[in-house]
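S.K.: One line per chain: the protein sequences are C and A, in this order.
The first sequence begins at 7 in the working numbering and counts up by one.
The second sequence begins at 86 in the working numbering and counts up by one.
Just so you know, these hints were derived from the structure itself, not from any lab.
One or more of the hints may lead you astray.
Claimed, not checked - Here are the computed distance ranges between Cβ atoms for each label pair: (1) A:Q114 to C:T12: 42 to 52 angstroms; (2) C:S206 to A:E161: 48 to 58 angstroms; (3) A:L293 to C:A249: 44 to 54 angstroms.
To be verified - Heads up, simulated SDA-like pairs for lysine to any residue below, C-alpha to C-alpha not over 25 angstroms straight-line: (4) A:K189 to C:G71; (5) C:K149 to C:A295; (6) C:K176 to A:G250; (7) C:K149 to C:F297.
Unchecked claim - What the simulated footprint calls covered on chain A by chain C, stretch by stretch (three residues with Cβ under 8 angstroms from a Cβ of chain C suffice, anywhere in the stretch; the number is not a length): (8) 107-120; (9) 133-146; (10) 162-174; (11) 231-240; (12) 248-255.
Every residue, glycine too, gets a C-beta built ideally from N, C-alpha and C.
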Amino acid sequence: MSERRTVDVRHLARVEGHGDISVAVRDGRLEEARWQIVETPRFFEAMLAGAHYSTAAILASRICGICSISHCLAGLRATERAFGVAVPAVADRLRRLAKHGETLQSHVLHLFFLAAPDLLGLPSVIPLVDSRPDLVHLALRLKGLGNRLCDTIAGRTTHPVSLQVGGVAKVPAAAELRRLRSGLEAALGDLDEAAAFLASVELPDFERETEWVSLGGEDDYPFIGGRLVSSDGVSRDEDDYLAMTNEFLVEGDTSKRTRLSRDAFAVGPLARVNNSFELLHPEARRVAARFRLEPVCHRPFMAHGARLVEAVHCVCDAVRLVDEQLADGAGEAAAPVEPRAARGIGAVEAPRGILYHALEYDRDGRVVAADCVIPTTQNNGNIDRDLPELVARLAAAGADDRRLELLCSMLVRAYDPCISCAVH
Amino acid sequence: MEIVDFRQLSSNTGDDLDIALVDGSVSRQDEVERLVRIRAGARILVALGSCACFGGVNRLKNACGLEHANRVVYGERPRDTMAVRSIRDVVPVDLEIPGCPVSKDEVERIVQHLVFDVPYSFPVYPVCLDCRQRLTACLMDRGRLCLGSVTRGGCDAPCPAGGLGCWGCRGPAADANLEQLVADASSRGFSGAEVAERLGLFGGFEGLR
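Just chain C, with the same shape it has in the complex:
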């Protein structure tokens, strides 16, 4: 008699937003493994139409409470490129610092609060408060530093206020920057402990060849603007984002999917590390070596390692930027802005991967049409492809229902999906 087993996860926990996993296995063989987005669609692209350029990025940042700085910066960049505004060097430097703060706080949040419980066999981080207070305090210190970096530079961690069209509205005082610098230096010890923790746990050994898409850097590890590249050898101009993403709808799902050279691709920390490994800070590459993370890595669970590597890079690079600002912080922080009828594209690397905003303006500086392509939207197609492969291997190895459910959930979590963003 044939034996059919199913795993049904409704509203997967420890991810942002609502997504379901459905798995069916018959006689040790994969029948079906699906990732479905059931989150409420939000229609931001329609809501952005009519917004004045001074409001567009404020509204766009509300797409996400975790990566609101990325959404704000993508909107600002789209607007500035539409109007032909050159952002002054001081503003560009401060925006990068705010970006590092966001990446740090988001990666630490994911690694310790969302992913670590799986690696330690726990339902959440809450029991760790008693059993591993050292780890929880370490995470809170690092998360707090990321938040402080955002607060100091952008005026707030969630929904920035100082990042505005043309540049920044506020330049932090030298004393504030020096305080940040000492915090950043102290964080290197914490990150070393974090790396020791991650090296001590076992990441599931699953590999599937994937096309990795990110911004391509020239001199710096890329976070804001530049060429669009893939590990399959595609390289396009930022303005060609539509040809890089090729969004399409799937039945019964509120998130779109994307494709490039294959039927899916992935974005995010592992894509960036794979595509720009040589541009990482040497300290970050040293941490990568501890996990034997080198390009091109096709193990989705190694995204956890990539997050830690990027956290180290962000802290080291933030020290450099703070020093630059302390040595040479004078000059205009915002350029004058003249609206014109034009379309602009802004691509930034959000914590979860490459994010695009395209804004078309009329001559009064009002949005005529908006398009946003979200990292999680791009990753959903790759999760669709990873899941059946993972389940097929687990089923063949005789994994029980519990293990199937755990590893499928962990696989989705490894992408750190932000589902509300995906259905913006």
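Put chain A on the given structure of chain C with help from the hints.
M.R.: Chain A alone, transformed into the frame defined by chain C:
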């Protein structure tokens, strides 16, 4: 204090709650059903954030028209959606904490009051007082439009301090004088339409602007 159900943080679930904090607005039937279930299991239901309290920025969708919004995003294959509603439009709410984002300090203070069963009173003063408190020079005096004079204070005014006027995310202060705001704005060159548009972004001034 025990965290019973917090899907974003924990795989544990439960529905017997002393306090339920609910964020987000409502625009699908499954959300209505979940909300009714949460209300039935909770002693105190708190709407958390401007979306939960007023519909928030999501309310802009209602003005777009649902069919149009659907066509813009999903083309010829529309997804189920309803007009955006706040939590209190769907179930009775015991307390509302507005803000986009909410103030962490305020949420912590309110949860402490609820746990110890001490009545909580929101500040009745406007955001202007927060600016005075932290010595932020008036944005209106610097030629920027700001809704601080009519918006509920208690947020510590991070927006004016960061060089951005107040956008009214917390909704109206007690006795908000909108006529005076329009007059002050007009004397600085801002039209009534500009003020009304800004008052409309977060939804807290619906019916007043």
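S.K.: Confirm or reject the coverage of the stretch 162-174 of chain A by chain C under the rule of 3 or more residues with a beta carbon closer than 8 angstroms to the chain's beta carbons.
M.R.: Since three or more residues must qualify, the claim that chain C covers the stretch 162-174 of chain A holds, with 3 doing so at under 8 angstroms.
S.K.: A range of 44 to 54 angstroms was offered for this pair. Does it hold for the Cβ distance of L293 (chain A) and A249 (chain C)?
M.R.: About 47 angstroms separates the Cβ atoms of L293 (chain A) and A249 (chain C), which means 44 to 54 angstroms holds.
S.K.: Given the hint that K149 (chain C) pairs with F297 (chain C), does the C-alpha gap stay at or below 25 angstroms?
M.R.: Between K149 (chain C) and F297 (chain C) the Cα gap is close to 22 angstroms, so the pair holds against 25 angstroms.
S.K.: Can the restraint linking K176 (chain C) and G250 (chain A) be considered satisfied, given a maximum Cα separation of 25 angstroms?
M.R.: holds (13 angstroms)
S.K.: Measure nothing beyond the straight line between the CA atoms of K189 (chain A) and G71 (chain C); if it is 25 angstroms or shorter, mark the hint as holding.
M.R.: holds (13 angstroms)
S.K.: Verify the coverage statement for the stretch 231-240 of chain A against chain C, using a C-beta to C-beta distance below 8 angstroms and requiring 3 or more qualifying residues.
M.R.: violated (count 0)
S.K.: Between the stretch 107-120 of chain A and chain C, are there enough contacts, at least three residues with CB-CB distance under 8 angstroms, for the coverage claim to hold?
M.R.: Satisfied; 4 residues make the cut.
S.K.: Quick check: do three or more residues in the stretch 248-255 of chain A have a beta carbon closer than 8 angstroms to a beta carbon of chain C?
M.R.: holds (count 3)
S.K.: Does 48 to 58 angstroms hold as the CB distance between S206 (chain C) and E161 (chain A), or does it fail?
M.R.: Holds - the Cβ-Cβ distance for S206 (chain C) and E161 (chain A), about 52 angstroms, lies within 48 to 58 angstroms.
S.K.: Mind checking the alpha carbons of K149 (chain C) and A295 (chain C) for me, to see if they're no more than 25 angstroms apart?
M.R.: holds (24 angstroms)
S.K.: How does the Cβ-Cβ distance of Q114 (chain A) and T12 (chain C) compare with 42 to 52 angstroms: does it lie in that range?
M.R.: For T12 (chain C) against Q114 (chain A), whose Cβ atoms are near 25 angstroms apart, the range 42 to 52 angstroms is violated.
S.K.: Taking 8 angstroms as the Cβ threshold, is the statement that the stretch 133-146 of chain A is covered by chain C upheld or broken by the three-residue rule?
M.R.: Holds: 5 residues of the stretch 133-146 of chain A have a Cβ under 8 angstroms from chain C.
The earlier numbered hints that this structure contradicts are 1, 11.
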